[in-house]
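Residue numbers (numbering that gives the first Met the number 0), protein chains in the order written: chain B, 0 to 357; chain X, 0 to 357; chain W, 0 to 357.
By construction, these hints were calculated from the structure, which means they are not laboratory data. Using N, Cα and C, we set each Cβ at its ideal position, and we do this for glycine too. Please note: incorrect hints may appear among the correct ones.
Below, simulated DSS-like cross-link-like pairs (lysine-lysine); rule was C-alpha separation at most 30 Å, straight line [said to hold, decoys possible]:
| no. | chain 1 | residue 1 | chain 2 | residue 2 |
| --- | --- | --- | --- | --- |
| 1 | B | LYS231 | B | LYS5 |
| 2 | W | LYS341 | B | LYS231 |
| 3 | W | LYS5 | X | LYS299 |
Which chain W residues face chain B? A few, computed with CB under 7 Å, are given here [stated by the list, open to error]:
| no. | residue |
| --- | --- |
| 4 | ARG44 |
| 5 | ALA50 |
| 6 | VAL86 |
| 7 | GLU189 |
| 8 | ALA192 |
| 9 | THR213 |
| 10 | ASN215 |
| 11 | SER217 |
| 12 | ASN264 |
| 13 | ASP320 |
Computed spacing ranges between beta-carbons, pair by pair [said to hold, decoys possible]:
| no. | chain 1 | residue 1 | chain 2 | residue 2 | range |
| --- | --- | --- | --- | --- | --- |
| 14 | B | ASN120 | W | LYS55 | 42 to 50 Å |
| 15 | B | GLU16 | W | ASP199 | 22 to 30 Å |
| 16 | W | VAL153 | X | SER331 | 36 to 44 Å |
| 17 | X | HIS243 | B | ASP298 | 37 to 45 Å |
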Amino acid sequence: MTTSTKTFAGNYFEDFELDSVIKHGIPRTITAGDISLYTGLTGSRFVLNCADTVAKACGFEQMPVDNFLLFHIAFGKTVPEISLNAVANLGYAECQFLAPAYVGDTVAVESRVIGLKENSNGKTGIVYVHSVATNQDGTTIVEWKRWVMVHKKVPSGVTGINSEPNLKSYLEPSAKLLPPTLDFSAFKPEWSACEYLWDDYEAGEAIDHVDGMTINDSDHSLATRLYQNNAKVHFDAHAMKSAHHGQRLVYGGHIISMCRALSHNGLANGLWLAGINGGTHANPSFAGDTIYCKSQVVDKGEFEGRSDIGWVRVVTWGIKDVPGNELDACFSIDNGRKRFDKNVVLELDYTLLMPRKQ
Amino acid sequence: MTTSTKTFAGNYFEDFELDSVIKHGIPRTITAGDISLYTGLTGSRFVLNCADTVAKACGFEQMPVDNFLLFHIAFGKTVPEISLNAVANLGYAECQFLAPAYVGDTVAVESRVIGLKENSNGKTGIVYVHSVATNQDGTTIVEWKRWVMVHKKVPSGVTGINSEPNLKSYLEPSAKLLPPTLDFSAFKPEWSACEYLWDDYEAGEAIDHVDGMTINDSDHSLATRLYQNNAKVHFDAHAMKSAHHGQRLVYGGHIISMCRALSHNGLANGLWLAGINGGTHANPSFAGDTIYCKSQVVDKGEFEGRSDIGWVRVVTWGIKDVPGNELDACFSIDNGRKRFDKNVVLELDYTLLMPRKQ
Amino acid sequence: MTTSTKTFAGNYFEDFELDSVIKHGIPRTITAGDISLYTGLTGSRFVLNCADTVAKACGFEQMPVDNFLLFHIAFGKTVPEISLNAVANLGYAECQFLAPAYVGDTVAVESRVIGLKENSNGKTGIVYVHSVATNQDGTTIVEWKRWVMVHKKVPSGVTGINSEPNLKSYLEPSAKLLPPTLDFSAFKPEWSACEYLWDDYEAGEAIDHVDGMTINDSDHSLATRLYQNNAKVHFDAHAMKSAHHGQRLVYGGHIISMCRALSHNGLANGLWLAGINGGTHANPSFAGDTIYCKSQVVDKGEFEGRSDIGWVRVVTWGIKDVPGNELDACFSIDNGRKRFDKNVVLELDYTLLMPRKQ
Numbered sequence: 000m001t002t003s004t005k006t007f008a009g010n011y012f013e014d015f016e017l018d019s020v021i022k023h024g025i026p027r028t029i030t031a032g033d034i035s036l037y038t039g040l041t042g043s044r045f046v047l048n049c050a051d052t053v054a055k056a057c058g059f060e061q062m063p064v065d066n067f068l069l070f071h072i073a074f075g076k077t078v079p080e081i082s083l084n085a086v087a088n089l090g091y092a093e094c095q096f097l098a099p100a101y102v103g104d105t106v107a108v109e110s111r112v113i114g115l116k117e118n119s120n121g122k123t124g125i126v127y128v129h130s131v132a133t134n135q136d137g138t139t140i141v142e143w144k145r146w147v148m149v150h151k152k153v154p155s156g157v158t159g160i161n162s163e164p165n166l167k168s169y170l171e172p173s174a175k176l177l178p179p180t181l182d183f184s185a186f187k188p189e190w191s192a193c194e195y196l197w198d199d200y201e202a203g204e205a206i207d208h209v210d211g212m213t214i215n216d217s218d219h220s221l222a223t224r225l226y227q228n229n230a231k232v233h234f235d236a237h238a239m240k241s242a243h244h245g246q247r248l249v250y251g252g253h254i255i256s257m258c259r260a261l262s263h264n265g266l267a268n269g270l271w272l273a274g275i276n277g278g279t280h281a282n283p284s285f286a287g288d289t290i291y292c293k294s295q296v297v298d299k300g301e302f303e304g305r306s307d308i309g310w311v312r313v314v315t316w317g318i319k320d321v322p323g324n325e326l327d328a329c330f331s332i333d334n335g336r337k338r339f340d341k342n343v344v345l346e347l348d349y350t351l352l353m354p355r356k357q
Numbered sequence: 000m001t002t003s004t005k006t007f008a009g010n011y012f013e014d015f016e017l018d019s020v021i022k023h024g025i026p027r028t029i030t031a032g033d034i035s036l037y038t039g040l041t042g043s044r045f046v047l048n049c050a051d052t053v054a055k056a057c058g059f060e061q062m063p064v065d066n067f068l069l070f071h072i073a074f075g076k077t078v079p080e081i082s083l084n085a086v087a088n089l090g091y092a093e094c095q096f097l098a099p100a101y102v103g104d105t106v107a108v109e110s111r112v113i114g115l116k117e118n119s120n121g122k123t124g125i126v127y128v129h130s131v132a133t134n135q136d137g138t139t140i141v142e143w144k145r146w147v148m149v150h151k152k153v154p155s156g157v158t159g160i161n162s163e164p165n166l167k168s169y170l171e172p173s174a175k176l177l178p179p180t181l182d183f184s185a186f187k188p189e190w191s192a193c194e195y196l197w198d199d200y201e202a203g204e205a206i207d208h209v210d211g212m213t214i215n216d217s218d219h220s221l222a223t224r225l226y227q228n229n230a231k232v233h234f235d236a237h238a239m240k241s242a243h244h245g246q247r248l249v250y251g252g253h254i255i256s257m258c259r260a261l262s263h264n265g266l267a268n269g270l271w272l273a274g275i276n277g278g279t280h281a282n283p284s285f286a287g288d289t290i291y292c293k294s295q296v297v298d299k300g301e302f303e304g305r306s307d308i309g310w311v312r313v314v315t316w317g318i319k320d321v322p323g324n325e326l327d328a329c330f331s332i333d334n335g336r337k338r339f340d341k342n343v344v345l346e347l348d349y350t351l352l353m354p355r356k357q
Numbered sequence: 000m001t002t003s004t005k006t007f008a009g010n011y012f013e014d015f016e017l018d019s020v021i022k023h024g025i026p027r028t029i030t031a032g033d034i035s036l037y038t039g040l041t042g043s044r045f046v047l048n049c050a051d052t053v054a055k056a057c058g059f060e061q062m063p064v065d066n067f068l069l070f071h072i073a074f075g076k077t078v079p080e081i082s083l084n085a086v087a088n089l090g091y092a093e094c095q096f097l098a099p100a101y102v103g104d105t106v107a108v109e110s111r112v113i114g115l116k117e118n119s120n121g122k123t124g125i126v127y128v129h130s131v132a133t134n135q136d137g138t139t140i141v142e143w144k145r146w147v148m149v150h151k152k153v154p155s156g157v158t159g160i161n162s163e164p165n166l167k168s169y170l171e172p173s174a175k176l177l178p179p180t181l182d183f184s185a186f187k188p189e190w191s192a193c194e195y196l197w198d199d200y201e202a203g204e205a206i207d208h209v210d211g212m213t214i215n216d217s218d219h220s221l222a223t224r225l226y227q228n229n230a231k232v233h234f235d236a237h238a239m240k241s242a243h244h245g246q247r248l249v250y251g252g253h254i255i256s257m258c259r260a261l262s263h264n265g266l267a268n269g270l271w272l273a274g275i276n277g278g279t280h281a282n283p284s285f286a287g288d289t290i291y292c293k294s295q296v297v298d299k300g301e302f303e304g305r306s307d308i309g310w311v312r313v314v315t316w317g318i319k320d321v322p323g324n325e326l327d328a329c330f331s332i333d334n335g336r337k338r339f340d341k342n343v344v345l346e347l348d349y350t351l352l353m354p355r356k357q
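Throw the hints in and build the complete structure from the sequences for me.
Following this line, the structure appears as structure tokens:
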């Protein structure tokens with residue numbers, strides 16, 4: 000009996016070539032079911048993604064797909080070729096939401112290898128990719144850069160590959176991040192049941208989002224499968240028994256979505272995500288963990304010629320098993336290096352679009 | 000670092016004003032995904048909500064949204080302002096389903112405070128509200144009254160607030176509870192695989208619904224998030240560890256839906272809910288509980304000029320971890336007060352519309 | 000208080016009559032939510048069921064409903080009358096997918112009793128049925144035969160009923176199993192991110208599908224309820240405590256779907272299921288089990304006049320808690336009888352349609 004070599008075990012460091020383009024497979028048509036299941040998985044309540052009436056009053060054709068749902072679906076497409084063998088997802092940068100996606104749109108994703116850097120141990124390396132998701136018309140709807148640590152096929156010592164891309168730690172909000180037809184001039188705070196608009200936030204302001212949500216095994220499994228993210232660490236409890244943590248890891252994207260949903264209490268009018276400036280999964284999460292979060296407003300600004308809308312840059316920290324008000328500092332600086340508290344599971348730096356007072 | 004006061008911790012007894020109207024936020028467009036997820040969460044099989052072919056043959060445009068799915072979505076809208084701080088959901092009354100909802104409809108909800116009553120302990124009070132859910136055209140689709148016990152901000156002793164509304168214990172079925180185009184004259188029992196129609200039920204008849212269903216943690220979390228009900232007691236296992244029951248409570252509405260789904264075996268042709276006369280969550284439920292139920296037909300009646308349809312008033316009891324045939328009495332009367340058996344989790348008094356024999 | 004006899008406890012061996020036809024109730028309209036929830040429950044990634052763009056390029060109107068999702072929904076319709084009292088689901092044969100189903104189609108199912116055979120113990124018997132699922136236009140979309148062991152109402156000894164149908168162990172693929180408009184001549188392997196087409200598989204080839212997926216309690220409960228399969232053994236943990244296995248059993252169809260989803264790694268271009276030749280649930284599965292699978296290509300063939308498509312017959316074994324490469328043999332032959340390894344939970348013999356090289 001011949002044994003097939005048709006299964007794919009993911010790429011290793013040596014398989015990546017600088018500037019090569021990877022066409023990820025399995026384009027995905029977003030359905031109304033994805034919307035509802037995302038609500039069921041996260042409890043998200045941002046009104047622009049909940050009501051056609053509100054979305055239309057804000058210039059959209061219908062409810063746009065939640066930014067993070069879109070991101071996770073697009074991200075999932077890249078997992079087989081980029082991160083199936085990832086030792087760790089090290090970070091995200093320069094994520095921009097360039098056009099809304101609607102139910103019925105089909106998302107396809109390509110990635111370009113923009114950096115390769117061997118680690119000094121000779122056993123692993125860091126792969127930097129720029130991924131671009133387009134809809135069926137070829138319009139880019141979201142793009143991002145990320146870097147992951149992957150194993151070498153052969154731990155052969157250092158060969159000198161060292162090409163790091165120049166990543167921006169922050170993307171200055173610009174008019175291109177405004178969905179073309181978006182118009183908040185008719186927005187009513189009663190829609191979100193939250194009176195606080197762009198005008199009310201100020202740099203430095205801290206928000207403890209109060210609420211907590213416990214992760215169940217099925218929750219994170221369902222979410223990760225919904226995104227067709229097939230990374231083994233999230234699904235195979237048998238294999239994970241003998242791995243470092245002894246159990247399945249929760250997909251970091253599910254933590255992001257939980258924190259986004261929890262942040263509704265305090266940021267309910269942060270209705271649209273212009274982009275993600277950076278993100279770190281500071282510690283792993285497991286089923287049974289209760290996730291809380293707190294945020295800090297970093298900056299805010301206007302768009303030229305627009306009195307209906309402004310941007311607010313926020314950093315949100317996800318924390319497990321400690322309410323936000325019981326944790327004084329999410330991180331400390333030790334010799335110039337940021338060290339996260341052991342209960343901090345996420346740091347996410349992102350830019351929200353908010354209606355302004357009319 | 001300033002700390003934001005933008006988060007909302009829910010209303011306390013002192014925050015409610017008699018006759019004031021609360022516009023609840025976050026209108027919700029119902030999608031096909033909500034329908035499927037509800038089926039997945041409950042296993043409900045009432046044929047009018049399962050098949051467009053059947054719904055059209057009964058006068059509907061398409062499958063109407065299940066009455067309880069609609070109720071839970073509408074109810075969820077009221078949680079932030081009414082019951083986020085509820086000590087207990089004490090009861091429901093006068094719930095009427097006035098028009099069908101379809102996929103694509105957007106539900107918005109308002110509540111009027113119709114009663115306020117301090118408790119003699121000075122620490123809590125009872126808030127009575129009348130909630131009305133409308134669709135995008137302003138048509139009322141479901142309305143109900145409920146009362147909840149909420150904490151006082153300041154346990155200041157009794158100040159004399161005592162205004163109880165006059166609630167009906169039962170709503171006489173009338174023509175306005177018939178969806179305008181509903182017509183059962185072409186109904187075929189083979190559609191529901193149940194031969195028993197309105198003609199076959201009689202007042203006093205008891206039904207043991209036989210089947211049981213065990214609650215998983217993800218089931219009730221998914222359901223409650225699907226309804227965007229953000230009451231902390233259902234989600235935050237960390238905080239609940241130090242609360243009275245030591246664990247998360249299952250949303251009572253999920254128990255109602257489980258019992259409705261289980262009641263299919265015996266009441267499969269109770270195809271449409273005219274209304275809920277009253278409801279009590281007699282004891283809390285937790286993940287791991289197996290829910291059984293039994294019912295009693297209280298009364299039945301006709302609608303003037305209609306030979307296709309009749310109403311049947313039913314009381315259903317939800318019971319945990321004891322099959323219906325093993326529990327003789329769901330409650331006893333002790334000094335004129337109803338005392339529920341410790342395993343009874345729900346008593347629901349409601350009115351079903353059923354096809355008549357042709 | 001009269002006690003109703005309106006509940007249905009399922010049919011016993013004596014209730015079945017040879018050649019009688021059973022019209023199963025509760026026709027079901029398939030929604031976009033079913034598609035998404037199936038993705039969330041299984042992680043399935045076969046591209047024909049994921050992207051409207053790909054489906055249209057292959058001759059379909061839109062994404063067809065996944066063959067197994069359709070099968071499970073249709074199968075679920077037959078449970079109340081056929082297998083509610085089943086001691087065991089013994090096998091499947093001659094399952095054919097005759098026309099694609101789309102979102103919005105309404106599925107109704109009828110079964111004919113094609114065989115009845117008493118067991119020598121006098122307590123049970125085997126019921127053979129031929130089930131046919133049609134859409135709202137009366138077109139047959141899927142049909143199959145299956146046999147189940149059911150209890151006798153009265154264990155009365157042997158009465159001589161012994162009518163076994165002539166079941167084919169294999170259905171020769173023919174043109175009628177090709178969906179009428181299906182055309183793979185424009186198929187691009189980059190869509191599935193898998194280069195292996197019909198031309199690349201050979202009889203005898205073994206495939207270890209590598210990945211594993213752990214079953215959570217909510218996963219299988221949600222799946223089984225989504226299919227409106229109400230067999231008690233999957234839901235009632237209280238009753239199952241005192242049954243043979245002491246816990247709920249996972250619906251065998253969920254195992255089939257997990258294996259199909261896992262088999263994507265190695266069989267990604269097995270895009271359409273022509274039929275199921277046979278199936279055996281070799282051992283029970285429970286929440287907590289991790290499912291792996293391996294396959295063997297049995298045969299392959301062409302369709303006359305078609306250079307775009309060919310068929311591949313595959314047997315897939317589902318295995319619990321042992322990766323495929325650690326289990327040498329899924330079964331042994333003992334005195335002419337196949338004996339499955341104790342970790343093997345499924346053997347499924349089916350025929351895939353695959354694009355050919357252009």
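Each hint, compared with the structure:
no., hint, result
1, B:LYS231 / B:LYS5, "holds (18 Å)"
2, W:LYS341 / B:LYS231, "holds (24 Å)"
3, W:LYS5 / X:LYS299, "holds (17 Å)"
4, ARG44, "holds (5 Å)"
5, ALA50, "holds (4 Å)"
6, VAL86, "violated (29 Å)"
7, GLU189, "holds (5 Å)"
8, ALA192, "holds (2 Å)"
9, THR213, "holds (4 Å)"
10, ASN215, "holds (4 Å)"
11, SER217, "holds (3 Å)"
12, ASN264, "holds (5 Å)"
13, ASP320, "holds (5 Å)"
14, B:ASN120 / W:LYS55: 42 to 50 Å, "holds (49 Å)"
15, B:GLU16 / W:ASP199: 22 to 30 Å, "holds (25 Å)"
16, W:VAL153 / X:SER331: 36 to 44 Å, "holds (39 Å)"
17, X:HIS243 / B:ASP298: 37 to 45 Å, "holds (44 Å)"
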